[in-house]
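Please model the entire structure based on the sequences and the hints provided.
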Amino acid sequence: MTTSGYNFAYLDEQTKRMLRRALLKAVAIPGYQVPFGSREMPLPYGWGTGGIQVTAAILGTNDVLKVIDQGSDDTVNAVNIRRFFARTAGVATTNRTPEATVIQTRHRIPETPLAAGQIMVYQVPEPEPLHRLEPREAVTRKLHALADYGFMHVKLYEDIARYGHIATTYDYPVLVNDRYLMAPSPIPKFDNPKLNHSPALQLFGAGREKRVYAVPPYTKVESLDFEDHPFSVQQWDAPCALCGASDSFLDEVVLDDVGGRMFVCSDSEYCSNRQAAGHAGSAVKEAA
Amino acid sequence: MYVAVKGGETAILNSYALLADARRGDTDVPELSVAQIRQQMRLAVARVMSEGSLYDEDLAALAIKQAAGDQVEAIFLLRAYRTTLPRFGYTLPVDTARMGIRRRISATFKELPGGQVLGPTYDYTQRLLDFTLLANGVATEPPAQAEALPADMPRVTDLLAGEGLIEPETPPDGDPAPVDLSREPLKFPADRATRLQNLARADEGFLLALGYSTQRGYSHTHPFAGEIRMGEVALEIVPEELGFAIEIGDITLTECQMVNQFAGSSTAPPQFTRGYGLAFGEAERKAMAMSLVDRSLRSQELAEAIKSPAQQAEFVLSHSDSVEASGFVQHLKLPHYVDFQSELELVRRMRATHGQPTPEEETA
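As you go down the protein sequences, you meet chains A and B in turn. Okay, so the first sequence: first residue is 3 according to this note's numbering, each after it adds one. Okay, so the second sequence: first residue is 414 according to this note's numbering, each after it adds one.
Since the hints were made in silico from the structure, they are not lab data. Virtual Cβ for every residue (Gly too), placed ideally from N, Cα, C.
Here are the simulated DSSO-like pairs of lysine-lysine, each with C-alpha atoms no more than 27 Å apart in a straight line: (1) A/222 with A/196; (2) B/600 with A/18; (3) A/144 with A/27; (4) A/144 with B/720; (5) A/27 with B/600; (6) A/144 with B/600; (7) A/196 with A/27.
Looking from chain B toward chain A, a few residues come up when the C-beta cut is under 7 Å (computed): (8) 492; (9) 740; (10) 751.
Written as structure tokens, this is what we have:
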């Protein structure tokens, strides 16, 4: 059932056109942050308003929408955003990655590989990868124009000198198409390799900061590193306790107050699909 | 046995019901009407209209009711509604010299044309709790009928300008149309028109603190309240099919013109400078704080050293909006399992190697 009194997918058509223009520019200049006239949405800034505006601008009546937060379709924020589009656009929604034409996400990329024709929409809290090193936007714009990313390399080097490795675990900076430094949004660095040469179109929306950017399909996305300190992703000592997967990002679940814990897939759809297919992890085998 | 988080939708729907119940409170107490809020909480309504960037007393009162009196939430409700409204056109600039004055004071001149008018103000109420209001109040005495105020009250700054003692206020070259910040993203450097627009929507508490900081040595601007005026001004538009201006209604405004010292430079003789504040409704604190911050943000243009937060345009303008700030501060309560897991793994790894020589020390 859709909510009456509002345009399809909430935003008026003029606003959507403005957004699509910004998105086209973003696709044409991979990794470049395009300013846009971000609107106040009926959800708070910082809760996915950028992603919601991007989704609203690209959604058509035949689209099938999947929304995840922390890899799960069932967390309250994902439920809320999916419900918003079900109410305002009446589009079909799904939990299944292969069925979705548009996937809006916060903090994860699905474990199931994406396909050509799919669009990923990332919610971005902080689009400027240099922001923590240089808060002034007037300066960071200049640094991007000159492709002067020395700051970031120095920061990564200082990590190595101090800790022996790079101490960034999420929102790990990437270089897009050998040109623009880009914040991949706070996905774990585990997901960074999925950005590279993805067959899906990847759109990033930052509502509060009023920026969109994009990675077109099959575009080179390189995580910053050094020859003697190559980029690496997180690894766990044990596979998922529910489905036994050893190739997925695992969340730690605290079981009691005496140190009991288990590790399970953060991607709930991936995990339940594997369990349905007969895979079982240690917790399931113990219970059986 | 661990079960993945489910049932978010039911939980959300239940939270709606709990919220509605909590908002209504004890049903033995009569429900507050929107008309009551509009009439009897007019200052709350004014703030919600100002920061919500929408002059509509009924909708602002509705937002306050729906938000159970939380001003920032009410402002957010009004903004989210405002986004959906089409633009029919733009009014002509309002002329505050032609304001139907209800309050007008100057801290710089004892006597001035038009006189000082206190109007409805809390300034000299002595802040004693009025317990008759607790007992549902008594009929108040109708205010004494003062003689009608002159229709045109010259602005104090215009009186100073006559002598050339204050900087002239002239439109920039070509008088370009101002940016509409609710349609265009804020960009830096931001011109004064854009800055003022941002400050007009800015959180009152934030402006108050910043303005206060300029009085305590963080970029002192030697301010005097040249004039504060409050009253009704007419809004005019020029419909294309008519080609001349017509009045579409009145709105209440509070305007503050701060007069500030300026030593002059090699190219400019010493003269006073201006800080400007304007807000919907009766909103004197907001207008005054805004004028202090406006003046301190002009440091660069007036070749003053930029050392304090209230002088830094990016710092001030990027953090002034309560809807943006409230959303982002509170987004921290959303799940961050994945990022936290990543940090946990890193901290455990770093603790495991803590105290062992770093690679640099090893090679040294």
